[in-house]
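Student: As given, the protein sequences belong to chains R and C, one line each in that order. In this text, residue positions in the first sequence follow my numbering: the first is 1, and each later residue adds one. In this text, residue positions in the second sequence follow my numbering: the first is 140, and each later residue adds one.
Careful, some of the hints might be misleading.
Unchecked claim - Distance condition first, Cα-Cα at most 20 angstroms in a straight line; then the derived PhoX-like pairs of lysine-lysine:
| id | chain 1 | residue 1 | chain 2 | residue 2 |
| --- | --- | --- | --- | --- |
| 1 | C | 181 | R | 13 |
| 2 | C | 181 | R | 19 |
| 3 | C | 284 | C | 220 |
| 4 | C | 181 | R | 18 |
Said to hold, decoys possible - If you want a taste of the chain C side facing chain R, the calculated C-beta under 10 angstroms gives, among others:
| id | residue |
| --- | --- |
| 5 | 186 |
| 6 | 187 |
| 7 | 253 |
| 8 | 433 |
| 9 | 435 |
| 10 | 437 |
| 11 | 439 |
Hints were generated in silico from the structure; no laboratory data involved. For every residue, glycine included, the Cβ atom is placed at its ideal position computed from N, Cα and C.
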Amino acid sequence: MIGLAKGFSYTLKNLTRKKVTYDYPNEPLPLPDRFRGIQKFYPEKCIVCNQCSNICPTDCIQLTGKKHPDPSKKGKIIDTYDINFEICILCDLCTEVCPTEAIIMTNNFELAEYSRDQLFKDLVWLDENDEHIRRVNKP
Amino acid sequence: MVQELLASPPGLMNFAIFFLLAAILLMVILGFVTYAILAERKVMGFMQLRHGPNQVGGRWGLLQTVADVLKLLIKEDTIPKLADRPLFILAPVIAFAPAFLVLAVIPFTDKLQFADIGVGLLYYIAISGISTVGVVTGGWASNNKYALLGGMRAAAQMISYEIPLVMSLLGVILLSGSLNLNDIVSAQSHGWFIIKQPIAFIIFIIASIAELNRTPFDLPEAESELVAGFHVEYSGFRWAFFMLSEYVYLFAMAALTTVLFLGGWGALPFLGFIPGAVWFSLKFSLIVFILIWVRVTLPRLRADQLMEFGWKVLLPAALANIFLTAILKELF
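Bound conformation, chain R alone (with noise of 0.2 angstroms):
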């Protein structure tokens, strides 16, 4: 009888007590500043060095650069810039491989599409996706 008691204000009291649902799609989830999602990519800091490329395990990134347009600077600035997410496992290896931080994680990780290639993300894409980004990408 004492364990019925104790039950029935047990259920009574939860009437008031703080909930511990999220409300999710409307608010994103608090995650931390390492977690792995959808990688952010600053076009203007890339130096096409190809390291994300060559380190990638799924091989699932696509680069070309072009000559810099002022002919008194060297090197090369980025021309197109891919990544297909059917293949992409989030390693997090290109972003630790990139000497000047042009590509970043970021807490996105809403994937789904209605069709495959709309995973197929390019450089505009890449660059657009600017919110929730990693606030420190040390390795």
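Put chain C on the given structure of chain R with help from the hints.
Tutor: Quick look at chain C alone, frame taken from chain R:
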């Protein structure tokens, strides 16, 4: 108004008036069922530290049940090939009709009631027993062993708990000296029967939860054990009818508890200026809340525990209550 109508000679006009009144009551009941289901889900959600429905119809989920019912109504109507077709179609009707019939005798206020039968309480008990037949019919006609098992369980449970339910009411009948629900309410003007008959009240609440097939006595349905009990093969609007009858019974049982133990539309002392309808709905809502609260708190009983509890605990307690009431009534 209703009293005059009840005494007036039969005729087409009276038939039309009563038909209209019944239709209005049905609409009110449907509204109640819609929001009782929402209230149940909301209270369950809050007690389980979540919000419950909050997407359809504003942040309170006010249209959630409407959407659910709409989905049920536009679903395909499936009848198994080897089912007993006439009985399969008839079963939801048999289950629902008594649930609505019993509402006729419930006095909502001193003016608002649909029939004033001398043996109103007996009528309620007798008619509500019929819905067991609907459940068994549904279980048998489905031609499915799980449905049959669920139907048999339901029949066993509902018949076993009908007895303590009626026995617990004998104490109330002894004190009021009448089976008429109006007389029972007026007998409570000096003190509600929940104070004079606390044991009967507790037995009645437990037995009524078992009659309503709600947790912790929801063995006939038992989602996690029997697939869905007697209505495995039902879908769409036929299934909706079973659910509807369950919630109409919830309405009827809560209303009956209010009338029998909480003084019906009677007011608390010094608060007589509040109208009877408000009192009735307040007490009624309290009973509905208690039923939901019990559902959230307690886990389902085992089948053998259920029968033992009904026959070895509730029935002797109810019988002892009758003798105690009789002795006390003789002495004072």
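Student: Taking the hints in turn, state whether each one holds.
Tutor: Against the structure, the hints:
Pair hint residue 181/C plus residue 13/R holds up; C-alpha atoms about 15 angstroms apart against a cutoff of 20 angstroms. In summary, the hint linking residue 181/C to residue 19/R is supported, as the alpha carbons are separated by about 13 angstroms, within the 20 angstroms threshold. Only pairs whose Cα atoms come within 20 angstroms are accepted, and residue 284/C paired with residue 220/C is accepted, the gap being roughly 15 angstroms. Distance restraint check for residue 181/C and residue 18/R: the Cα-Cα separation of roughly 15 angstroms lies within the 20 angstroms cut-off, and the hinted pair is therefore satisfied.
The criterion of a C-beta within 10 angstroms of any C-beta in chain R is met by residue 186/C, whose closest approach is roughly 5 angstroms, and the hint holds. Annotation: interface hint on residue 187/C holds; nearest CB of chain R at approximately 7 angstroms, less than 10 angstroms. A least Cβ separation of about 35 angstroms between residue 253/C and chain R goes past the 10 angstroms threshold, and the interface hint is therefore violated. Taken as an interface hint, residue 433/C checks out: its beta carbon lies about 8 angstroms from the nearest beta carbon of chain R, inside 10 angstroms.
Interface hint at residue 435/C: satisfied, since its Cβ lies 5 angstroms from the closest Cβ of chain R, which is below the 10 angstroms cut-off. Taking 10 angstroms as the C-beta contact cut-off toward chain R, the hint placing residue 437/C at the interface holds, the least distance being around 7 angstroms. The beta carbon of residue 439/C is not positioned within 10 angstroms of any beta carbon in chain R (closest approach about 14 angstroms), and the interface hint is therefore violated.
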